[in-house]
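*Asks:* Protein chains in written order, with this note's numbering: chain V, 1 to 263; chain Y, 1 to 263; chain W, 1 to 263; chain X, 1 to 263.
Hints listed in this document are in silico derivations from the structure and should not be mistaken for laboratory results. Among the hints, a few may not be true.
The list treats identical chains as one, so a pair stands whether inside a single copy or across any two.
What the hints assert, rightly or not - Result set (EDC-like, lysine to aspartate or glutamate): computed pairs, CA atoms no more than 16 Å apart in a straight line:
hint, residue 1, residue 2
1, Lys22, Glu220
2, Lys102, Glu125
3, Lys233, Asp223
4, Lys22, Asp223
5, Lys22, Glu54
6, Lys233, Glu220
7, Lys233, Glu209
8, Lys102, Glu155
9, Lys30, Glu10
10, Lys157, Asp136
There are 4 protein chains.
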Amino acid sequence: MENILRRVKENDVAMIVSSDHKHLFVRMQKGEEIQTHRGVLKHDDILGIPWGSELRSHLDMRFYVLEPTLRDLLLHIKRKSQIIYPKDIGYILLRLSIAPGKTVLEAGTGSGSLTLALAWCVGPEGKVISYDRRADMQNLARKNLERVGLENRVELKLRDIEEGFEETEIEALFLDLPDPEKYLGQARAALAHGAVLGMIVPTTNQVSEILRSISKYPFELIDVCEIALRFYKPVPERLRPVDRMVAHTGYLIFARAVVPFEG
Amino acid sequence: MENILRRVKENDVAMIVSSDHKHLFVRMQKGEEIQTHRGVLKHDDILGIPWGSELRSHLDMRFYVLEPTLRDLLLHIKRKSQIIYPKDIGYILLRLSIAPGKTVLEAGTGSGSLTLALAWCVGPEGKVISYDRRADMQNLARKNLERVGLENRVELKLRDIEEGFEETEIEALFLDLPDPEKYLGQARAALAHGAVLGMIVPTTNQVSEILRSISKYPFELIDVCEIALRFYKPVPERLRPVDRMVAHTGYLIFARAVVPFEG
Amino acid sequence: MENILRRVKENDVAMIVSSDHKHLFVRMQKGEEIQTHRGVLKHDDILGIPWGSELRSHLDMRFYVLEPTLRDLLLHIKRKSQIIYPKDIGYILLRLSIAPGKTVLEAGTGSGSLTLALAWCVGPEGKVISYDRRADMQNLARKNLERVGLENRVELKLRDIEEGFEETEIEALFLDLPDPEKYLGQARAALAHGAVLGMIVPTTNQVSEILRSISKYPFELIDVCEIALRFYKPVPERLRPVDRMVAHTGYLIFARAVVPFEG
Amino acid sequence: MENILRRVKENDVAMIVSSDHKHLFVRMQKGEEIQTHRGVLKHDDILGIPWGSELRSHLDMRFYVLEPTLRDLLLHIKRKSQIIYPKDIGYILLRLSIAPGKTVLEAGTGSGSLTLALAWCVGPEGKVISYDRRADMQNLARKNLERVGLENRVELKLRDIEEGFEETEIEALFLDLPDPEKYLGQARAALAHGAVLGMIVPTTNQVSEILRSISKYPFELIDVCEIALRFYKPVPERLRPVDRMVAHTGYLIFARAVVPFEG
Numbered sequence: 001m002e003n004i005l006r007r008v009k010e011n012d013v014a015m016i017v018s019s020d021h022k023h024l025f026v027r028m029q030k031g032e033e034i035q036t037h038r039g040v041l042k043h044d045d046i047l048g049i050p051w052g053s054e055l056r057s058h059l060d061m062r063f064y065v066l067e068p069t070l071r072d073l074l075l076h077i078k079r080k081s082q083i084i085y086p087k088d089i090g091y092i093l094l095r096l097s098i099a100p101g102k103t104v105l106e107a108g109t110g111s112g113s114l115t116l117a118l119a120w121c122v123g124p125e126g127k128v129i130s131y132d133r134r135a136d137m138q139n140l141a142r143k144n145l146e147r148v149g150l151e152n153r154v155e156l157k158l159r160d161i162e163e164g165f166e167e168t169e170i171e172a173l174f175l176d177l178p179d180p181e182k183y184l185g186q187a188r189a190a191l192a193h194g195a196v197l198g199m200i201v202p203t204t205n206q207v208s209e210i211l212r213s214i215s216k217y218p219f220e221l222i223d224v225c226e227i228a229l230r231f232y233k234p235v236p237e238r239l240r241p242v243d244r245m246v247a248h249t250g251y252l253i254f255a256r257a258v259v260p261f262e263g
Numbered sequence: 001m002e003n004i005l006r007r008v009k010e011n012d013v014a015m016i017v018s019s020d021h022k023h024l025f026v027r028m029q030k031g032e033e034i035q036t037h038r039g040v041l042k043h044d045d046i047l048g049i050p051w052g053s054e055l056r057s058h059l060d061m062r063f064y065v066l067e068p069t070l071r072d073l074l075l076h077i078k079r080k081s082q083i084i085y086p087k088d089i090g091y092i093l094l095r096l097s098i099a100p101g102k103t104v105l106e107a108g109t110g111s112g113s114l115t116l117a118l119a120w121c122v123g124p125e126g127k128v129i130s131y132d133r134r135a136d137m138q139n140l141a142r143k144n145l146e147r148v149g150l151e152n153r154v155e156l157k158l159r160d161i162e163e164g165f166e167e168t169e170i171e172a173l174f175l176d177l178p179d180p181e182k183y184l185g186q187a188r189a190a191l192a193h194g195a196v197l198g199m200i201v202p203t204t205n206q207v208s209e210i211l212r213s214i215s216k217y218p219f220e221l222i223d224v225c226e227i228a229l230r231f232y233k234p235v236p237e238r239l240r241p242v243d244r245m246v247a248h249t250g251y252l253i254f255a256r257a258v259v260p261f262e263g
Numbered sequence: 001m002e003n004i005l006r007r008v009k010e011n012d013v014a015m016i017v018s019s020d021h022k023h024l025f026v027r028m029q030k031g032e033e034i035q036t037h038r039g040v041l042k043h044d045d046i047l048g049i050p051w052g053s054e055l056r057s058h059l060d061m062r063f064y065v066l067e068p069t070l071r072d073l074l075l076h077i078k079r080k081s082q083i084i085y086p087k088d089i090g091y092i093l094l095r096l097s098i099a100p101g102k103t104v105l106e107a108g109t110g111s112g113s114l115t116l117a118l119a120w121c122v123g124p125e126g127k128v129i130s131y132d133r134r135a136d137m138q139n140l141a142r143k144n145l146e147r148v149g150l151e152n153r154v155e156l157k158l159r160d161i162e163e164g165f166e167e168t169e170i171e172a173l174f175l176d177l178p179d180p181e182k183y184l185g186q187a188r189a190a191l192a193h194g195a196v197l198g199m200i201v202p203t204t205n206q207v208s209e210i211l212r213s214i215s216k217y218p219f220e221l222i223d224v225c226e227i228a229l230r231f232y233k234p235v236p237e238r239l240r241p242v243d244r245m246v247a248h249t250g251y252l253i254f255a256r257a258v259v260p261f262e263g
Numbered sequence: 001m002e003n004i005l006r007r008v009k010e011n012d013v014a015m016i017v018s019s020d021h022k023h024l025f026v027r028m029q030k031g032e033e034i035q036t037h038r039g040v041l042k043h044d045d046i047l048g049i050p051w052g053s054e055l056r057s058h059l060d061m062r063f064y065v066l067e068p069t070l071r072d073l074l075l076h077i078k079r080k081s082q083i084i085y086p087k088d089i090g091y092i093l094l095r096l097s098i099a100p101g102k103t104v105l106e107a108g109t110g111s112g113s114l115t116l117a118l119a120w121c122v123g124p125e126g127k128v129i130s131y132d133r134r135a136d137m138q139n140l141a142r143k144n145l146e147r148v149g150l151e152n153r154v155e156l157k158l159r160d161i162e163e164g165f166e167e168t169e170i171e172a173l174f175l176d177l178p179d180p181e182k183y184l185g186q187a188r189a190a191l192a193h194g195a196v197l198g199m200i201v202p203t204t205n206q207v208s209e210i211l212r213s214i215s216k217y218p219f220e221l222i223d224v225c226e227i228a229l230r231f232y233k234p235v236p237e238r239l240r241p242v243d244r245m246v247a248h249t250g251y252l253i254f255a256r257a258v259v260p261f262e263g
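Bound-form chain V, shown alone:
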């Protein structure tokens, strides 16, 4: 492996992982140091080595330097609000049929975890338009996007969607709001015929509210679901699930925008 293409460069965001699975996210800068619970690492010792390399701290403790995956980035976003979790985002991407080059709409932006995933998946030719009425949340989301260099794919709109979306003919729209049932008319107006609407809410009452409201608008193929993710202890001779898990993040709701028959 003489010709290693993938080496740690200045300004890369590196994930530094200790052997007890603690994660640190660090932007690589010449001359700086990383203080960990298991000793100090110098950026200059990391710059230029291959991704995936094992490191030793000044206490001779073991670390790895890794390029964060999309899932790593989502879990380590800076947050002021409940984020949407990878287990849910993965499924949302399939249901919304996100693809390179597409334009996707979102409200609200929140801390920007779904925004980041959407921006990742639409690629440099695509676009994410994300509404929120809180400037502080959008500033946080902007920083989270800038940290991973995806801010150019996202248009953040500081605006209450009660007045409606400015876009039409949109192929996919996701609502992550406390009261999405109030904005289903605005959502339908923004969506192209046949397009997909997705939502997430934490409580069963909200699911019922949405189901009550959505029947008044031209949406069909309504699906409600929840996703559970259970990890196992990776020990070959004593394989078993971990002791505790996340019991709930939210209920996912999907629907298709339709055109009623006018025979």
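Keeping the supplied structure of chain V fixed, place chains Y, W and X upon it in accordance with the hints.
*Replies:* Quick look at chains Y, W and X alone, frame taken from chain V:
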């Protein structure tokens, strides 16, 4: 909505959904007819109307014509083998950090459900290279890809990976094989330093085999998990899960290719 | 094992299990025959042999004759309504603190699956009092109890509990009704101070209704939960969950009857 | 409610619950005091009041005095080892068909949580015989049984079951051991024909070991399963599962002791 961009065109693959949620996938062709359990629909009556439109069969039964989402395509793939399900694929995409423009490796191709999802997500600039030693499976996968026009993004290699992959410096590799524990050396050789390996297997014995084997190769951050998806009946005043669900598809295993310390 | 105490006797209810796990429940009677999908078995060949014996039908197919467990009896009850399942009943018994000799109240009787389990557990010194306003359901429940010889431990009351229960000072009460939130006053009046109330309902809306209503009565320590049971294919070299499972039976709610402070 | 039968008496074990759901178990004794994180309660103020009564500490904080249910007792057992949880015990009781008056066998005793539940359910006419080779565990289990007055229903045998059980013709036997697959011959010898064997183990490897071993002995109808219990926040207008839950306690295995055909 005078200027509707998204209309059903000849050669489009349309999903025809009845009000009792039966799905048909049809390639639109002038002059043809769709025979359903609820009457006949004519292609000519569908061509040119907006996606999402409600239709009526000759028996006056209600249907919708929809562009299939990625998830719809995955569920309706023609299969000779167990496919990987959307609930798992969504999470795999995040863990493998699939992005537009990337080159991704897969073995085996099988019926091509993951192949299709990977091809979708890497976009026209990306590439999926998929190995299988069975010509019949690759022919089936090829047809599944052609059906949705993604065959140009995929290179199918009819070859046993026991001899190794022909590629190196790959950023993401997924193994969907009966015995992935035998090919972890070949996998590591194909992967770039720091890259991600993913696997799926149905039994706990296979998970243990993989965990035993993987400790002999430079892989770290090994994760084992399973994903459950539960649907709800979308009735606002009687919200409750459906009666039955899929209990198991497979165990997912992820690892990072590392470079051991040679201090 | 010369002195085998436990042999099949006339009038015993036997569970006849084929090697493909089909179950038949048969009351043993001299001279009769059992017609199965795998041939005929004669009662006279079974009477007097030890429980657990392997049998062969006239087609030389393999069967076992087993004394049904409480769980077997619950699953094979004759039903006109949704029954409560063993996975839920087991936990209900612990939460209601059912013990030999206790008197327990239930409404409604339904097909009598919980009635049967309660009668089993309170023993010959205990008593189950079960209300229902439908004579047909109570007749069915009576037959289900008689089939297993537990009818003497149960008092079936054909009566609407809107008028209240006739009992007071009851230690445990279970409501399996479409609208338990309407009878919480009656429930509190029947319960001894400190006693346990349990309920099961299928929908989240009913859970919310109960939680709204119960706050108006002296109940505390309110718990809502659901139980999932997943089976595995018992194959040592290919251990994995079965393909499909029950996704939902009902939500369980428990509370303690308290005496508010009157300082 | 003039004639209240159920009042707190001296020597009763009371569960004292604060409004933030902390539980204390206290044996009531004249003249003593209960120190809590929310102030002091005097036994003399509790003795003679009805069960379920609301109390106030010297800081005027709210408490309830409740008779512990079987589930409460199981959760608050003093433990040196992993206990079996109520969600599993409830189902075990149904599968083992535990009933008042029965004699049940168990190995090992451990901290005695299942021992306690079995003793509770077999009643004063029944008997639990529990083997363990560790005196310290049996002493702990004995204390746990004495605390609730069930020690007379249990015979603790300090003995390695490698030498076999001293009993035969037993109707139900439960193994909670690190290596139950080694004792299936001894288990079969102790069990009556047709009787039920139950086991719990934490890992999938142990399940496979048991399945391999059990096929050598006359057992049939082998079932492997796991039980999940998810709690909800009991808030009527914001009903949703709690954030975290127990992901795993153990796999349950059940089998019936049979008599092979000797045609």
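*Asks:* So, for every hint listed, does it hold in this structure?
*Replies:* Going down the list of hints, with the structure as the test:
1. Only between protomers do Lys22 and Glu220 lie at most 16 Å apart by alpha-carbon distance; the minimum there is 13 Å, versus 45 Å within a single protomer.
2. In the homo-oligomer, the alpha carbons of Lys102 and Glu125 lie at most 16 Å apart both inside one protomer (8 Å) and across protomers (14 Å), since each shortest distance falls under that limit.
3. Only between protomers do Lys233 and Asp223 lie at most 16 Å apart by alpha-carbon distance; the minimum there is 8 Å, versus 33 Å within a single protomer.
4. With identical chains, the CA atoms of Lys22 and Asp223 are at most 16 Å apart between copies only, with a shortest distance of 14 Å across copies and 37 Å within one.
5. In the homo-oligomer, the alpha carbons of Lys22 and Glu54 lie at most 16 Å apart inside one protomer (15 Å), although the nearest pairing across protomers, at 46 Å, exceeds that limit.
6. With identical chains, the CA atoms of Lys233 and Glu220 are at most 16 Å apart between copies only, with a shortest distance of 14 Å across copies and 41 Å within one.
7. Taking the shortest Cα distances, Lys233 and Glu209 sit within 16 Å of each other only across copies (14 Å), while inside one copy they are farther apart (39 Å).
8. Taking the shortest alpha-carbon separations for Lys102 and Glu155, only the intra-copy value of 14 Å comes in at or below 16 Å, while the best inter-copy value is 24 Å.
9. Taking the shortest alpha-carbon separations for Lys30 and Glu10, only the intra-copy value of 7 Å comes in at or below 16 Å, while the best inter-copy value is 58 Å.
10. When the C-alpha separation of Lys157 and Asp136 is checked against a cutoff of 16 Å, the pair qualifies only within one copy, where the shortest distance is 12 Å, while the shortest distance between copies is 51 Å.
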